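Undergrad: Spelled out from the first residue to the last, the chains are:
There are 2 protein chains.
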Amino acid sequence: MEVWFTEKQTENLSLSCQVSEVLVNKVTSFQEIGIFETPSFGRMLVLDGYIQTTEMDEYLYHEMIAHVPMNTHPDPRYVLVIGGGDGGTVREVLKHPSVEKVTMVEIDREVVEACREYLPVTSQALGNPNVKVEFEDGFQFLNRHPGQFDIVIVDSTEPVGPAAELFGREFYELAYKALAPGGILVAQTESPFYNRDLIVSSHKYLKEFFPVVEMYLAPVPSYPGGLWSFTLASRQNQPTAEEVLQKAKQPDKCKYYSPEVHRGAFILPPFVQEIISQKEE
Amino acid sequence: MEVWFTEKQTENLSLSCQVSEVLVNKVTSFQEIGIFETPSFGRMLVLDGYIQTTEMDEYLYHEMIAHVPMNTHPDPRYVLVIGGGDGGTVREVLKHPSVEKVTMVEIDREVVEACREYLPVTSQALGNPNVKVEFEDGFQFLNRHPGQFDIVIVDSTEPVGPAAELFGREFYELAYKALAPGGILVAQTESPFYNRDLIVSSHKYLKEFFPVVEMYLAPVPSYPGGLWSFTLASRQNQPTAEEVLQKAKQPDKCKYYSPEVHRGAFILPPFVQEIISQKEE
Chain A
-5 MEVWFTEKQT
5 ENLSLSCQVS
15 EVLVNKVTSF
25 QEIGIFETPS
35 FGRMLVLDGY
45 IQTTEMDEYL
55 YHEMIAHVPM
65 NTHPDPRYVL
75 VIGGGDGGTV
85 REVLKHPSVE
95 KVTMVEIDRE
105 VVEACREYLP
115 VTSQALGNPN
125 VKVEFEDGFQ
135 FLNRHPGQFD
145 IVIVDSTEPV
155 GPAAELFGRE
165 FYELAYKALA
175 PGGILVAQTE
185 SPFYNRDLIV
195 SSHKYLKEFF
205 PVVEMYLAPV
215 PSYPGGLWSF
225 TLASRQNQPT
235 AEEVLQKAKQ
245 PDKCKYYSPE
255 VHRGAFILPP
265 FVQEIISQKE
275 E
Chain B
-5 MEVWFTEKQT
5 ENLSLSCQVS
15 EVLVNKVTSF
25 QEIGIFETPS
35 FGRMLVLDGY
45 IQTTEMDEYL
55 YHEMIAHVPM
65 NTHPDPRYVL
75 VIGGGDGGTV
85 REVLKHPSVE
95 KVTMVEIDRE
105 VVEACREYLP
115 VTSQALGNPN
125 VKVEFEDGFQ
135 FLNRHPGQFD
145 IVIVDSTEPV
155 GPAAELFGRE
165 FYELAYKALA
175 PGGILVAQTE
185 SPFYNRDLIV
195 SSHKYLKEFF
205 PVVEMYLAPV
215 PSYPGGLWSF
225 TLASRQNQPT
235 AEEVLQKAKQ
245 PDKCKYYSPE
255 VHRGAFILPP
265 FVQEIISQKE
275 E
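Respectively, the protein sequence lines represent chains A and B.
Quick note: the first sequence, position 57, residue 51 per this note's numbering, numbers continuous.
Quick note: the second sequence, position 95, residue 89 per this note's numbering, numbers continuous.
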């Protein structure tokens, strides 16, 4: 018999895909975890009913959340990833030879364990000797580590459940303080079609602390609306400065990121510019 | 009771949205037509089970299929739209003051009649005195009108059913011949995630006739994968030439298109460049 998984993207809209094998389907202290084998997307990680990453399209999200800040910073050595339990962001960060240590802080140990067993494409990076995985709340971890990181990447789930606090003013203040001089924060900030309020508030809060706040876009087919936003906040470097783009290299085996794509991702259409300009109202 | 429409995007993947009212649901000589009122997308036109256009996101597709070629041509006066029965492409073309006449050739009169009744946001443009609507096969129409158009826009359905021939070598040859010197053809060429073979063959055929063939991308949430490709073939002008971009204007009330977005849409990520380079194998 056919088995299907359905993601309720909104009350009135859903995406369904056939499931050839249910590899994980359990409840942890923090959330529900599913890992499914699917004909459409390959293996797929689902948390609390929302698709997080799929073998078919994970490269788009992971390349763009990692290489844009890594190539904007002149010499990123110490990198913190908050969330990102599947390991895909860490894998991309490790492609930069300047990196000395990557710390991943994931609240849910069982997500990492499930991904290490069933999603090797992303999670194999977590076995790298320069990677330290901490199972802790990202908020508390930041509070204990001021001034230490060149790059902080917030690779969170939706702003409901365990990740809700990762989009608030206090969190962004802590992230600012956790950065070394010249440090850069990047956060995934959901869909410009469906999450306008979150984009507006994230921008407003980040602008209180950072002199440079810029949004960029990338397509992610398995996410609602298919177009995703990332917000980069920098203590110094502009992500689209000519010297940044000239120096940017295309890391090994990239299927979406290139220095030209980096430049193009910051070109925002009028409807997105309008969302961002609301922060000043 | 809740009523839902489901689009089977592939055998193993489907998108479903709640339907608050079925406005049209009929079979014509060419295809099945549905127009539904939905909470997610507003009114939605569906042909043979595939979503064609929705009030929520039609601007993305229509602005990008129209303004990129219109702004690439130095003085577009005579414009032909093949397909496009909802009228959205014609609406965008009419925003350019150089236009003297727009001819829309749609094979299915009942699509236009249904859209004129239930989708005024796109179809009201069809009442403009400079617009001529012809109900005919696009292939045959091109054959009878050599050398007449500055711009030909192929705003077709999927490459199955009535539109299958609109992606073939013979069709592109006729389209080339229907263009005046300096003329430009644009075709929607489906998803770079799901329709690689079609993109490869379209490029190969167009390259036989046109000196300039370039692909560009735009997000369309209601289409499979959420990222759409368009292929522009030009008898003369390069769509990303500096003089084209300097002269390009942002037409009235654009929510997605701008001259900067025009430039950025031609920046192709490595995985798309790889698809296109297959034409030379």
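Because the hints were derived from the structure by calculation, they are not lab data.
Some clues are possibly wrong.
In this list, chains with the same sequence are indistinguishable; a pair is considered to hold if it fits within one copy or across any two.
[What the hints assert, rightly or not] Derived pair list, reagent style SDA-like, types lysine to any residue, alpha-carbon separation capped at 20 Å:
id, residue 1, residue 2
1, LYS249, GLY36
2, LYS2, VAL13
3, LYS247, VAL115
4, LYS95, GLU26
5, LYS89, VAL125
6, LYS20, ASN231
7, LYS247, ILE261
8, LYS2, PHE265
9, LYS20, GLN142
10, LYS249, PHE260
11, LYS126, GLN230
12, LYS20, GLU236
13, LYS95, TYR72
14, LYS249, VAL194
15, LYS95, LYS171
16, LYS249, TYR188
17, LYS95, SER271
18, LYS198, TYR188
19, LYS20, GLU1
20, LYS247, GLN272
21, LYS249, SER271
22, LYS2, GLN12
23, LYS249, LEU88
24, LYS249, PHE265
25, LYS243, TYR170
26, LYS89, ARG103
27, LYS201, GLU167
28, LYS247, PRO264
29, LYS89, PHE265
This one's a predicted model, so the numbers in the text were calculated from it and none came from an experiment.
Undergrad: Hint by hint, note whether the structure agrees.
TA: A quick look at each hint next to the structure:
1. LYS249 - GLY36: within (17 Å within a copy, 35 Å between copies)
2. LYS2 - VAL13: both (16 Å within a copy, 15 Å between copies)
3. LYS247 - VAL115: within (13 Å within a copy, 44 Å between copies)
4. LYS95 - GLU26: Result: close neither inside a copy nor across copies, 30 Å intra and 58 Å inter.
5. LYS89 - VAL125: within (13 Å within a copy, 55 Å between copies)
6. LYS20 - ASN231: Result: close neither inside a copy nor across copies, 43 Å intra and 58 Å inter.
7. LYS247 - ILE261: Answer is between; shortest inter-copy Cα gap is 18 Å, intra-copy 24 Å.
8. LYS2 - PHE265: neither (25 Å within a copy, 29 Å between copies)
9. LYS20 - GLN142: Neither way: LYS20 and GLN142 sit 36 Å apart in one copy and 64 Å across, limit 20 Å.
10. LYS249 - PHE260: both (18 Å within a copy, 16 Å between copies)
11. LYS126 - GLN230: neither (27 Å within a copy, 56 Å between copies)
12. LYS20 - GLU236: Close neither inside one copy (48 Å) nor across copies (56 Å); limit 20 Å.
13. LYS95 - TYR72: Result: close within a single copy only, 5 Å intra versus 61 Å inter.
14. LYS249 - VAL194: Result: close only across copies, 18 Å inter versus 30 Å intra.
15. LYS95 - LYS171: Classified as within: same-chain Cα gap 19 Å, cross-chain 61 Å, threshold 20 Å.
16. LYS249 - TYR188: between (26 Å within a copy, 16 Å between copies)
17. LYS95 - SER271: For LYS95 and SER271, neither the intra-copy (37 Å) nor the inter-copy (38 Å) Cα distance is at most 20 Å.
18. LYS198 - TYR188: This pair counts as within: shortest intra-copy Cα distance 18 Å, inter-copy 38 Å.
19. LYS20 - GLU1: within (17 Å within a copy, 30 Å between copies)
20. LYS247 - GLN272: So LYS247 and GLN272 pass the 20 Å test across copies only (18 Å; inside, 38 Å).
21. LYS249 - SER271: between (32 Å within a copy, 14 Å between copies)
22. LYS2 - GLN12: This pair counts as both: shortest intra-copy Cα distance 15 Å, inter-copy 11 Å.
23. LYS249 - LEU88: within (16 Å within a copy, 38 Å between copies)
24. LYS249 - PHE265: Classified as between: cross-chain Cα gap 5 Å, same-chain 27 Å, threshold 20 Å.
25. LYS243 - TYR170: Neither way: LYS243 and TYR170 sit 26 Å apart in one copy and 40 Å across, limit 20 Å.
26. LYS89 - ARG103: For LYS89 and ARG103, neither the intra-copy (25 Å) nor the inter-copy (56 Å) Cα distance is at most 20 Å.
27. LYS201 - GLU167: within (10 Å within a copy, 54 Å between copies)
28. LYS247 - PRO264: Answer is between: at 10 Å across copies they meet the 20 Å cutoff, but 32 Å inside does not.
29. LYS89 - PHE265: The answer is between: 18 Å across copies meets 20 Å, while 34 Å in one copy does not.
Hints 4, 6, 8, 9, 11, 12, 17, 25, 26, counting from the list given before, are not met by this structure.
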